[in-house]
Amino acid sequence: MKFDPRTKLIMVFSFSTLAVFVIDIYLLLVVLLISIVVSNYFKENWDFLKRTKKFITLLIGIVLIQSIFSPAGEILLSINHFTILTTGGLAKGIRVILRMLIIIISATIMTGSSPREIIQALIQWKVPYEIAFMVSLSIRFIPILGEEAKDAFTAIQLRGVEIDKLNLTKRIKIYSYMFMPVLSGVIHRAKELSTSLEARAFRAYPDRSSYIKLELARKDYLIMFVSTLFTISILGIYIIMG
Amino acid sequence: MKKAYRDNEAFIEIKDLTFSYKKSSVILNNVSISFYKSEITAIIGPNGSGKTTLGKLMSGILSSEQGSVFLEGTNIKGITLGNIGKKVGYLFQQPERQLFNPTVKEEIGFAHLFMGEPKDKVDKKVSKIIEELSLQGLENSSPYKISRGERQRVALATILINEPSFLILDEPTTGLDMIKKDKLSEILKNLQQQNIGMVIISHDKSFIKSNADRTLEVSGGEINEV
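So the protein sequences, as listed, match chains L and Z. Residue numbering for the first sequence follows this note's numbering, beginning at 1 and increasing consecutively. Residue numbering for the second sequence follows this note's numbering, beginning at 1 and increasing consecutively.
No lab work stands behind these hints, which were simulated from the structure alone. Since the model is a prediction, treat every value here as computed from it, not as a measurement. Accuracy of the hints is not assured; some may be wrong.
Claimed, not checked - List time: in silico DSS-like cross-link candidates among lysine-lysine, alpha-carbon distance up to 25 Å:
no., chain 1, residue 1, chain 2, residue 2
1, L, K150, Z, K86
2, L, K173, Z, K209
3, Z, K145, Z, K128
4, L, K170, Z, K22
5, Z, K209, L, K170
6, L, K170, Z, K105
7, Z, K125, L, K173
8, L, K165, Z, K77
9, Z, K121, L, K170
10, L, K173, Z, K180
11, Z, K87, L, K165
12, Z, K22, L, K150
13, Z, K77, Z, K119
14, Z, K119, L, K173
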C-alpha cells in the first residue's frame, strides 16, 4: 500500500517528538517497538542495521560517559573509589540509546519515498521551493559524500599509514586530514551546481508549476490523525502527571 | 606493441575471483589472471565493465568472498591496506580524493612524517621526487589550485615516495592534453626502467598502444587478452 510522503513525515515527526519528550524507559521501549513494526510494515530496507554493528562500541561508550558524568542511585561498578557505573547513570545511557534508535528507525520510514516526492510534499505544505530543493539536494548528496570520505580513508591507508598501529591522538589527527578532500569536493560541487542551476534558469520566474501532484487519500488522513492523537495523548498524560 | 621479458613469479595473482556489488549483477565472473612486475599491462573495456573494480580488488580496496588475490604469493586479505600501500601504489581516477595537505611539499612527505620518519630524511626524498616528476616551483602551491596534470603528478609523487614495486593507475590520462600525456609516458617509462610494474586502466587507445606491453579487455564479467 502506497502512502503519501506527508503521512510518513507526520509519523516520523510523531515518533521523534515522543523520543525526545518521553523519559520512562519502558514507554520509550514501547515507542521503539511500534516504530520497528511501522517501519517493517512499510517494508523498508533493514540493511542499515548491519552497519550499526560498528556503532556498538560507541553505544557502550555513551552508557559509560552518561554513567560517569551523571552518577545517581546505587553504585554498580567502581575502581579505586572512582565510580564508573551507577543504576541512575545506566538508566540515562539506555534512555539516550533508545532515543537514538527510535529516531533512526522512524527516519527509515521515509526511505520508501523518492526525494522528488518528499520535495513535492514540502512544497504542498507551502515550504518555499528553494528550501525544499535544498533538502532534496542534501539527501541526494549524502551517499556521494560517504563514498568520497571512504575513498579518502582508503587513500590515507594506502599511503602507508597503518591506522591500527596508531594511538588514539594520532588516530583522531588522521581522521581530521580526511576533511580536506571531502570539503574540497563539496565546495567544488557546490560551485558547479550553482552554475548549472543558473544556466537552467532556476528561480527565473516566481511561480513554478509541477508535473507531480500529491493527493491525500482517506488512509493517509486516518494515519495522520492516529499518529497525532497518539503523540498528543502520551504528551498530555506526561504533562498532567507532571 | 612492445614485448617485454616476463618474470616467472606473478607479482599480483587473481585466482577464480567472482565479484558483484550489492544488489547488482556479477561484475567479474570466476576470473584468473596474473600481473608481472616486468611489464605494463593495460586494462580496457566499456564503461561499467568492471575495470576500476578489478583495480580496486588488486589493491585490496575491495575484497570478494569468492576467489582470492595474491600479492607476492600472500593472500591480500591477510595484509593491511597500510602494508599493501608500501608495495602497490594506487592512483585514483579523481586524484584530488587522495590529497590531504595545504601544500604540495607537505602532501608528498605527509605519510612518512606522520609515521615518525626523521624530517631531514623525508625532505631529501621529497626533493628527489619533486625533481623526478618535474614539480619544481610548485612546492608551496596548494594541490587543489594547480592544473589537473600537475595534480595527477603530485598524487603520483605521494605514491612513489613509498617506493612501491607496482602501480595501478586508474584513467591517468583523463583531462590531459598531448604534451602532458607525453610527459606522463616519459615518467612511466622511467619507472618501468626502475623495475616498477604497472597496470593502466584506460580508454585512451593511443596512450595504451605506446606504453603497454600487454592489453586485457574486461567485458561481460570476463577478462581476455587482446
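Does the alpha-carbon distance linking K77 (chain Z) and K119 (chain Z) stay inside the 25 Å limit? violated, 33 Å
Take the C-alpha atoms of K170 (chain L) and K105 (chain Z), compute the straight-line distance between them, and say whether it is at most 25 Å. holds, 21 Å
Quick one, are K173 (chain L) and K180 (chain Z) close enough, alpha carbons at most 25 Å? violated, 35 Å
Going straight from one Cα to the other, do K125 (chain Z) and K173 (chain L) come out at no more than 25 Å? Status holds; Cα separation ~24 Å.
Distance restraint between K22 (chain Z) and K150 (chain L), which requires alpha-carbon spacing of 25 Å or less: holds, 17 Å
Does the alpha-carbon distance linking K165 (chain L) and K77 (chain Z) stay inside the 25 Å limit? OK: K165 (chain L) and K77 (chain Z) at ~18 Å, within 25 Å.
Need the status of pair K145 (chain Z), K128 (chain Z): alpha-carbon distance at most 25 Å? holds, 22 Å
Given the hint that K173 (chain L) pairs with K209 (chain Z), does the C-alpha gap stay at or below 25 Å? Not satisfied, since the Cα-Cα distance of roughly 44 Å exceeds 25 Å.
Holds or violated: K170 (chain L) and K22 (chain Z), Cα atoms, limit 25 Å. Violated. K170 (chain L) to K22 (chain Z) sits at ~33 Å, over the 25 Å cutoff.
Hinted pair K119 (chain Z) and K173 (chain L), Cα distance within 25 Å: holds, 19 Å
Restraint status (C-alpha distance of K209 (chain Z) to K170 (chain L) at most 25 Å): violated, 45 Å
Keeping to a limit of 25 Å between CA atoms, is the pair of K121 (chain Z) and K170 (chain L) held or broken? holds, 21 Å
The structure fails hints 2, 4, 5, 10 and 13 (numbered hints given earlier, in ascending order).
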